[in-house]
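J.: The hints should help you fit chains A and Y onto chain W, whose structure is shown.
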Amino acid sequence: MSLLELRNLRVTYRSERGDVPAVRGVDLTIERGQTVGLAGESGCGKSTIAGAVLRLLPKDTLVEGSVLLDGEDVYAMKPGQLRAVRWSGAAIVFQGALHSLNPVRRIGGQIEEALLLHAVDLGLDRGQARRRVGELLERVGLRADRARSYPHQLSGGQRQRVLIAMALACEPDLLIADEPTTALDVMVQAQVLALLAELQLDRGLALLFITHDLSVLNSTCERLVVMYAGRVVEEGPSRELFADPRHPYGRALAQAFPTIGDPASRMHPSGLPGDPPDPAALPPGCPFHPRCDVAVDECSTVDVSLRDVSAGRRAACVHVEVTT
Amino acid sequence: MSDTVLEPTPADPVEYSPRAAVRARRRASVVELARHVRADRIALAGLIVLVAFIVMAVVAPLISPRAGLSAVDSIGNPAWARPSWDFPMGTDHLGRSVAAQFVWGARVSLFVGFAATILTVGIGSLVGIVSGFFGGWTDSVLMRLTDWFLVIPFLPLAIVLATILDRSLWNIVFVIGVTSWPSTARLVRAQVLTVKQRLYVDRARALGAGRTHIVRRHILPNVAPLILANVTLAVPISILTETTLAFLGLADPNQTSWGKTLEEAFGAGAISRNAWWYYLPAGLGIVAVVLAFTLFGRALEEILDPRLRRRSGGRR
Amino acid sequence: MRARFVIAKVAGSLATLAFVLVVNFFLFRVVNDDPTASMFRGRNMSAEQIQQRREQFDLTGSRLEQFIAYVGQTLRGNLGDSFLSNRPVTTEIREAIWPTVALVGTSTVFAMVIGVTLGIYAGWRRRSKFDVASTSFSMFTYSVPDFWLGMLLLAFFAVNLGWFPTGGFEDAGSTARGIAALLDQAHHMVLPALTLTLAYIGEYMIVMRSSILDTVGEDYLQLARAKGLRDADVRRRHALPNALLPVVSLTALNFGFILSGAIAVESIFSWPGLGQATLEAIRGPDFPMLQGLFLLFSASLIVANLAVDLMYGFLDPRVGSR
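Protein chains in written order, with the numbering used here: chain W, 1 to 324; chain A, 1001 to 1316; chain Y, 2001 to 2322.
Hints were generated in silico from the structure; no laboratory data involved. Possibly wrong hints are sitting among the right ones.
[Claimed, not checked] SDA-like cross-link-like pairs, simulated, lysine to any residue; straight-line CA separation at most 25 Å:
{"hint": "1", "chain 1": "W", "residue 1": "K59", "chain 2": "Y", "residue 2": "D2131"}
{"hint": "2", "chain 1": "W", "residue 1": "K59", "chain 2": "W", "residue 2": "V20"}
{"hint": "3", "chain 1": "W", "residue 1": "K59", "chain 2": "Y", "residue 2": "S2128"}
{"hint": "4", "chain 1": "Y", "residue 1": "K2129", "chain 2": "A", "residue 2": "R1038"}
{"hint": "5", "chain 1": "W", "residue 1": "K78", "chain 2": "Y", "residue 2": "Q2222"}
{"hint": "6", "chain 1": "Y", "residue 1": "K2129", "chain 2": "A", "residue 2": "R1041"}
{"hint": "7", "chain 1": "W", "residue 1": "K59", "chain 2": "Y", "residue 2": "N2242"}
{"hint": "8", "chain 1": "Y", "residue 1": "K2129", "chain 2": "A", "residue 2": "T1294"}
{"hint": "9", "chain 1": "Y", "residue 1": "K2129", "chain 2": "W", "residue 2": "S15"}
{"hint": "10", "chain 1": "Y", "residue 1": "K2009", "chain 2": "A", "residue 2": "R1038"}
{"hint": "11", "chain 1": "Y", "residue 1": "K2129", "chain 2": "W", "residue 2": "R17"}
{"hint": "12", "chain 1": "Y", "residue 1": "K2009", "chain 2": "A", "residue 2": "L1169"}
{"hint": "13", "chain 1": "Y", "residue 1": "K2129", "chain 2": "A", "residue 2": "L1044"}
{"hint": "14", "chain 1": "W", "residue 1": "K59", "chain 2": "Y", "residue 2": "V2234"}
{"hint": "15", "chain 1": "W", "residue 1": "K59", "chain 2": "Y", "residue 2": "Q2222"}
Isolated chain W (complex conformation):
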């Protein structure tokens, strides 16, 4: 049984301007201990998926399809069960650590809160919880006495580590990292990535790493899933995908982040023209066709679903031959 299974997940936000389909039919499976990277530009629906897993989306959002965590339907759970599963089944490391931490409470207390909420399951009392906070902080490379600090007293990298420590508190099986390194500078980014990789190996965590930076995913994830306009457009083992992307968008993403020291990428920097489509007003046919450099006539009228490229590799492009 997979740890996380998304079956035909569809998420529609309701706003004053009408319904906005942010996720339009996504299948995703993560096994225990597996590392999966989810890549795409802003607005493609990747952060929505993170929220959908733990049922954190706004109350009036329409969620269809199923989200199975350890075989159980998250959306069929009773509130008490849901609260118990949150953080202990799966935990999220949010982006923008400065805003994800309560500015008027000490960080130690915020981590302790997570522990105390699940104290029964973890078998902890108050004193043990406090000690555990210290251990967690040290595990992510911070001094235990940092627990008494307020968020604004820490640097960006330190705050991100705090979020990671907090996510690990209840020993989840799945860690969802939503753009954890986006707001950080490169050196700190590398440190945080190394930390995540280390922890993942250490504890056998499953990791869902969400980002728009494909190069980061290459080194940390076994599988890659590329999303565009609310759908998966390509997926497969990361090394293969990175080396030989089959979907034009996947290709553009891979090329967008040049390899330092590689003269080839220096000579041909590439960006993708145009903007991501507005989820409320998608173009007809394949949503990528307005920006695609190999689009054919068919692309503007017929939408394409995922096709098998090879074992474990799929891409949703008309240029991929359909194998029966």
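T.: Then chains A and Y, alone, in the frame of chain W:
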């Protein structure tokens, strides 16, 4: 999702000068603004009510003879008369038509409201811009002055000033204007500081742009919407202040305003006589105008300040 | 460091207070070059007597000397004597202060409690019927002139229904003492307090609601929910402490306005507080009284502002630290 800046669509006549582009953009912004207002029914209602009162105030001389306000000319009228066909809002203790006082009172109340606000926002914006832009000593001194004004309890100061000066219409405008500018100054200064920090001002300076140019082209356009929204919300405050000052007997004795009507009604014992027609209309008029301004002003603020708009959208 | 923050704020307040003293003095001198003139209207006094009176009121010497004398006296707690009653200003103020504090204090407390509660629920459940209803109510009361509301309440409850007296602090000629006296005063206070409470509620409600709305969108609430916290606890432990900050400062500021806030309403209800005193002083004009009242009002506002600054420094860890 459309934003405030619209590019001229291919349907528009294509002009190539940058000035024309700016003009087209401004026109488009106004159109967008009008569309938003029309869509927001509450704001529209507020606007309609306001316009109705303003029109009534302006045409006052046509619909209600000035003589109706004079006690001497009203000697023949029944005093304390209930509303009737002859006197739609009844008469007061001197036989004067309350309806006439209502209509003419609107003139003064609205006039003072607008005039005082222009003074308030004028002084406040000037201080705010100068203080925020120049910084340093100028800023410190001006801010100390502003702080002092904020600390002085507003009503007593207004009362004292009104006492010192003769009781006249313009003096009331002056008093309200001079005591209310500090909060505007603070708001404007904060906005100027935000704009100043933005990179493009630094770049403009690096390019050699002079101070006036920076103020005119960069700071003013970014501060103007805030000032406009502030004006719409400052008018009701000015009106309420005039009402209070008039009630306390500090208004121009030769003019009638809604506050003055209330003062006279109270003084003549309208309460104990249950002459509700005397004190109800003026109060309701104030509530209507202030409420209309506030509703319209809030909608305007939401439209002009993009930071506020995101709250009315769907997802974060 | 925390200490430096406190010292800076206190110093600032003292500076403002000094400024107030200066302006207070010169403002009233501008109005009235020689206050003794109005005192001596219609009386026959010899030059000697006039000079004597002048000295008594410290009106001799240059402006600067007068100012120094004024400051000296004020610091010693002497605010001069009222022109109208010839009693010390401090006495007059002492007698008028309690009715005002009782009235405005009670109203502020009620308005704050009710307004904040309404605001919390309205903001938490935005756009719900409750929110729309309470916001409309608040906007309405915010637009109403407080003394007019008083007039309406007076007309309805006192004149028509006769449930409450039409004014005053206690029944005229009453010889009641102790609890009975307090009850009588409370009875008299109901309508004016109701007026002020209704007038103030709107502000608290709107500010609290705004603050909650600002907080509701914050990411740390989402994190709290993701950890498995109940909705009510998310609100109580994370949203409220942040959302209450602006309201706390608003309340403290409004306490600064307690003394000067009810002038018009006190007039309607013939409430013998500082408001009435101010109006009588204006009609005089009783300059020592006005000067003293003015100083009192300003000082209370300065103190309230200082209290807010210090409180914010204490409550919000982001303020006042390095």
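J.: Against each hint, give a clear statement of whether it holds in the structure.
T.: Now the hints, each set against the structure:
1. Among the hinted pairs, W/K59 with Y/D2131 is consistent with the structure: their alpha-carbon atoms are about 17 Å apart, no more than 25 Å.
2. Restraint check for W/K59 and W/V20: satisfied, since their Cα atoms lie roughly 15 Å apart, inside the 25 Å limit.
3. Proximity of W/K59 to Y/S2128 is assessed by CA-CA distance (about 13 Å); at most 25 Å being required, the pair is judged to hold.
4. At most 25 Å may separate the alpha-carbon atoms for a hinted pair to count; Y/K2129 and A/R1038 meet this at roughly 23 Å.
5. Among the hinted pairs, W/K78 with Y/Q2222 is consistent with the structure: their alpha-carbon atoms are about 19 Å apart, no more than 25 Å.
6. In summary, the hint linking Y/K2129 to A/R1041 is supported, as the alpha carbons are separated by about 18 Å, within the 25 Å threshold.
7. Only pairs whose Cα atoms come within 25 Å are accepted, and W/K59 paired with Y/N2242 is accepted, the gap being roughly 23 Å.
8. Restraint check: the Cα-Cα separation between Y/K2129 and A/T1294 comes to about 21 Å, which is no more than 25 Å; the hinted pair holds.
9. Proposed proximity of Y/K2129 and W/S15 is supported: the alpha carbons are some 18 Å apart, at most 25 Å.
10. Using a Cα cut-off of 25 Å, the hinted pair Y/K2009 and A/R1038 is violated, with the two alpha carbons roughly 48 Å apart.
11. Pair hint Y/K2129 plus W/R17 holds up; C-alpha atoms about 21 Å apart against a cutoff of 25 Å.
12. Of the pairs offered as hints, the one joining Y/K2009 and A/L1169 is violated, with about 40 Å between alpha carbons and a cut-off of 25 Å exceeded.
13. Pair hint Y/K2129 plus A/L1044 holds up; C-alpha atoms about 21 Å apart against a cutoff of 25 Å.
14. Of the pairs offered as hints, the one joining W/K59 and Y/V2234 holds, with about 15 Å between alpha carbons and a cut-off of 25 Å not exceeded.
15. Taking the CA atoms of W/K59 and Y/Q2222, the gap is near 13 Å; set against the 25 Å cutoff, the hint holds.
Going down the numbered hints, you'll see the structure goes against 10 and 12, while the others check out.
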